[in-house]
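J.: Sequence:
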Amino acid sequence: AAVIPARSGNKASEAAAALASLGYSQSEIGAALKGIDVEKLPIEEVVREMSIPAGLAGPEPVISDVRCYAVAQPGGIVVIDTGMPDAANAIADAVEALGGTFTDVRDIVLTHLHMDHIGSLFAIAEQAPLASIYAGGPDSPDIRSPRKVRAMEEGDSVQDLQVLATPGHTPGHISIFHEGTGTLFIGDAAATDHGEAVRSPAAFTSDASRAEESLERIASLAPARILFAHGAEIPSPSGALVRLIGGPYGG
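Residue numbering for the sequence shown follows the working numbering, starting at 2 and increasing by one per position.
Any given hint might turn out to be false.
Unchecked claim - Derived CB-CB ranges, DEER-like:
(1) Ala98 - Ser210: 38 to 48 Å
(2) Glu154 - Ile246: 31 to 41 Å
(3) Glu197 - Glu61: 14 to 24 Å
(4) Glu46 - Ala203: 32 to 42 Å
Honestly, the hints are just simulated from the structure, not real lab data. Backbone N, C-alpha and C define an ideal beta-carbon position, used for all residues, glycine too.
Using the sequences provided together with the hints, build the complete structure.
T.: Set out below in structure tokens:
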């Protein structure tokens with residue numbers, strides 16, 4: 002199958018770095034980047050739902066969306082997270098929308114070990130026999146998989162996607178950054194609700210202090226685009242993260 006190639010371009014990230022060097026704040030950088038024509042990665046989003054019982058994320062039951070992604074890259078399609086156990090067919094549709102099949106999937110990257118992110122790992126890995134599987138180092142030994150999960154650390158890369166160590170939600174949580182387009186797959190380092198960035202629920206966060214440090218680190222990158230595992234994409238995401246930092250922890 003003819004997979005749509007990823008396109009290169011780094012106007013947004015170059016502009017963000019230049020403005021940061023001149024002392025502009027992250028909110029000012031985010032506002033300035035609105036005027037830049039950011040070339041987007043070919044990405045297909047998969048959205049499913051999960052139900053959180055009362056008492057875990059609050060006094061009432063919670064229905065939450067769960068998002069994972071298929072991304073076209075020069076060496077083949079990358080699947081970022083595998084969602085809930087019922088996500089395999091939807092992921093297949095996403096791969097097809099990029100012009101490929103599971104035989105074109107070369108990499109499966111797991112942002113962390115929670116079940117709503119690895120739920121369809123067996124189904125996807127078995128249908129994508131050429132795909133390597135990756136996760137953050139501290140999380141990787143605890144992920145059940147049909148084949149070896151390769152440990153990833155800060156500075157590693159999967160094709161054109163950079164691995165950022167963003168621990169806190171889990172010890173081995175990672176986020177994935179495409180510098181050329183300023184696109185960040187944030188995992189559960191943050192979520193969105195009603196158009197604003199929010200923290201992941203404290204009940205599911207292993208280390209709140211490290212999670213806050215990871216949020217600050219992500220905000221300092223001033224990504225032009227952030228794709229969340231929970232919650233829809235929002236405009237000016239870097240500004241939203243700046244507004245979030247320093248607020249009360251919880252959720």
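J.: Regarding Ala98 and Ser210, is the given constraint of 38 to 48 Å on their beta-carbon distance met?
T.: Holds: the Cβ-Cβ distance is about 40 Å, inside 38 to 48 Å.
J.: Could you check the hint for me, namely that Glu154 and Ile246 are 31 to 41 Å apart, CB to CB?
T.: Violated, since Glu154 and Ile246 (Cβ atoms, about 25 Å apart) do not stay within the stated range.
J.: Range first: 14 to 24 Å. Now tell me if the beta carbons of Glu197 and Glu61 are that far apart.
T.: For Glu197 and Glu61 the Cβ distance comes to about 20 Å; the hint holds.
J.: Taking 32 to 42 Å as the hint, is the beta-carbon distance of Glu46 and Ala203 inside that range?
T.: The hinted range 32 to 42 Å is violated for Glu46 and Ala203, with Cβ atoms some 27 Å apart.
Hints 2 and 4, counting from the list given before, are not met by this structure.
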